[in-house]
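Each chain is listed here by its residues.
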Amino acid sequence: MSVLTNNLDLFLRAFGQTLQLFAVSAVLSLVLGTLLAALRVSPVPVFRGIGTGYVTVLRNTPLTLVFVFFVFAYPLLEILKISEYTAALVALSLYTAAFVCEVVRSGINTVPVGQAEASRALGLTFTQMLGNVVLPQALRSVVPPMTSTMIALLKNTTVASGFAVFQAGNIREALADQGDDVLFGLIWVAIGFIILVLPLTYVQQVFEKRWSVAR
Amino acid sequence: MSMVLFDVPGPKARVRHKIMAVVGIAAVLAAIVYVVMRFIVTDQFSSRRLDWINYKQIQLSLVDAIGNTLSAFAVGAVLALAFGAIFAAARLSDHAWVRTPAAVIVEVFRAIPLVIMMFFFYYGLPQAGIKLTAFTAVVVSLMLYNGSVLAEVFRAGINSLPKGQSEAAYALGMRKTQVMTFVLLPQALRAMLPTIISQLVVLLKDTALGFLITYEELLRWGTRIGGDAPNFGRPMISVMIVVAAIYIGLCLLLTWLATYLEKRNRRNKKVIHVDADDIPEMASV
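These protein sequence lines are chains A and B, in that order.
104 is the number that full-length UniProt numbering gives to position 104 of the first sequence; each next residue is one higher, with no gaps.
74 is the number that full-length UniProt numbering gives to position 74 of the second sequence; each next residue is one higher, with no gaps.
You may find that some hints are simply not true.
Said to hold, decoys possible - Label pairs and their in silico Cβ distance ranges:
1) B:Ile86 / A:Leu19: 30 to 38 Å
2) B:Thr181 / A:Gly179: 51 to 59 Å
3) A:Asn132 / B:Ala96: 45 to 53 Å
4) B:Lys176 / A:Leu19: 53 to 61 Å
5) B:Lys12 / A:Val57: 31 to 39 Å
6) B:Val63 / A:Glu84: 46 to 54 Å
7) A:Ala176 / B:Ser93: 40 to 48 Å
8) A:Ile191 / B:Trp97: 19 to 27 Å
Unchecked claim - Some chain A residues flagged as far from chain B (calculated, every beta-carbon gap over 10 Å):
9) Val31
10) Pro136
11) Thr201
Said to hold, decoys possible - Covered stretches of chain B (in silico footprint by chain A; criterion: 3 or more residues with CB under 8 Å from a CB of chain A, positions within the stretch not fixed):
12) 60-74
13) 168-177
14) 234-241
15) 248-262
Calculated from the structure, these hints are not laboratory results.
For each residue, glycine too, the CB sits at the ideal point set by N, CA and C.
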């Protein structure tokens with residue numbers, strides 16, 4: 001207990017950074033992932049190919065490798081200098097977007113065909129149909145799996161601890177530098193994550209029950 | 001498939017799609033050309049920076065690194081499958097004193113980030129006098145995390161079977177264990193095989209986290225060779241392309257196996273077709 005109370009400031013700062021990383025990359029990956037899903041169901045074969053290619057590559061690459069690429073390899077290309085923090089945001093967002101895309105696409109597949117047909121009969125264009133009719137319904141059915149993806153993103157932020165980005169994964173290093181109790185420090189970090197994740201799991205179950213019968 | 005979101009294109013739409021296709025290809029090509037230009041301008045593919053490929057020592061260490069990644073994967077996968085089977089059985093138990101602790105353990109290990117678990121086993125435990133090698137720390141963490149996820153997969157698979165299966169088995173006079181091992185498990189395993197394999201892909205990718213606790217796997221090898229400034233002038237780009245290709249190749253091989261099994265399942269009449277919506281989505285990220 002004393003590890004936590006003596007370093008409360010450190011713990012709060014670190015978890016604050018974790019939440020910040022999580023929030024920004026969650027928004028970015030949701031936007032990018034939805035766009036990718038739109039590409040993957042578009043009538044233009046080339047766009048579908050681009051979406052599929054992106055998802056295949058990113059889903060089969062370890063997140064750590066994406067991090068290594070953006071932190072160690074990208075600066076060698078001397079394109080645009082980015083800080084490690086930005087690199088972490090980019091890596092997390094690009095990686096998670098591939099999973100968001102798959103979730104959204106599976107949601108689109110659950111929307112009955114009649115919805116798209118009726119939209120066409122009313123004369124809506126593809127983008128209108130997707131944006132106003134299909135996606136709103138798809139996103140509803142997609143809340144539980146999307147929550148799982150977001151939980152995974154929250155946990156994945158700790159990968160940044162190998163790349164000089166301060167967040168909850170670095171509490172160990174800070175404690176070790178002070179000569180503090182690393183073992184119990186790590187247990188407290190784990191408890192911190194359980195506290196963050198469990199409410200999300202609960203929300204997920206509630207939505208699953210409430211929205212599963214909506215259609 | 002959702003390919004019914006649009007009509008068969010008419011002449012005007014075809015022209016429009018062609019224009020968009022050209023624009024799309026141009027955009028992607030422009031991006032690729034730009035990146036390749038940067039490669040050339042910053043001289044990433046100079047003979048000095050590609051020289052590492054020629055050294056026998058480095059080639060052998062690459063084989064070693066792949067071997068380390070694969071052995072962590074193999075041991076982790078076997079342990080995770082066993083862990084998952086045991087805890088799924090425990091969660092399905094009729095006795096609350098078995099069910100509840102198993103549920104708590106599974107939920108807790110699913111909520112803790114894998115990195116924190118690896119840190120705990122590698123940096124935390126030595127303080128309590130238990131020293132684990134990096135390999136053990138990686139494998140144990142992979143087992144606990146992926147095992148918990150797999151436990152949920154197994155459980156969902158068994159719960160998604162039609163109730164008539166177990167009722168009929170009980171009506172035939174089978175005991176609980178017999179119902180489970182002879183009737184439910186074989187069907188559930190077949191139905192869940194694609195999901196199980198995609199979780200194994202996640203496990204394979206997660207071995208790369210061993211990088212963070214100095215386990216000598218493929219990614220660590222890559223950063224070591226790629227960061228070698230005195231001998232090869234920091235060939236990070238070329239090395240990382242090789243490493244990424246190996247990871248993607250290995251994962252695609254497993255994914256391909258999953259799709260193959262799924263296709264074979266679809267043809268097989270013995271497999272009960274579980275509605276995908278009945279299975280709670282697993283965070284396979």
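To see whether the hints hold, each was checked on the structure:
{"no.": "1", "hint": "B:Ile86 / A:Leu19: 30 to 38 Å", "result": "35 Å, holds"}
{"no.": "2", "hint": "B:Thr181 / A:Gly179: 51 to 59 Å", "result": "53 Å, holds"}
{"no.": "3", "hint": "A:Asn132 / B:Ala96: 45 to 53 Å", "result": "49 Å, holds"}
{"no.": "4", "hint": "B:Lys176 / A:Leu19: 53 to 61 Å", "result": "45 Å, violated"}
{"no.": "5", "hint": "B:Lys12 / A:Val57: 31 to 39 Å", "result": "34 Å, holds"}
{"no.": "6", "hint": "B:Val63 / A:Glu84: 46 to 54 Å", "result": "32 Å, violated"}
{"no.": "7", "hint": "A:Ala176 / B:Ser93: 40 to 48 Å", "result": "41 Å, holds"}
{"no.": "8", "hint": "A:Ile191 / B:Trp97: 19 to 27 Å", "result": "24 Å, holds"}
{"no.": "9", "hint": "Val31", "result": "17 Å, holds"}
{"no.": "10", "hint": "Pro136", "result": "14 Å, holds"}
{"no.": "11", "hint": "Thr201", "result": "7 Å, violated"}
{"no.": "12", "hint": "60-74", "result": "violated (count 0)"}
{"no.": "13", "hint": "168-177", "result": "violated (count 0)"}
{"no.": "14", "hint": "234-241", "result": "holds (count 4)"}
{"no.": "15", "hint": "248-262", "result": "holds (count 4)"}
Checked against the numbered hints given earlier, this structure breaks hints 4, 6, 11, 12, 13; the rest are met.
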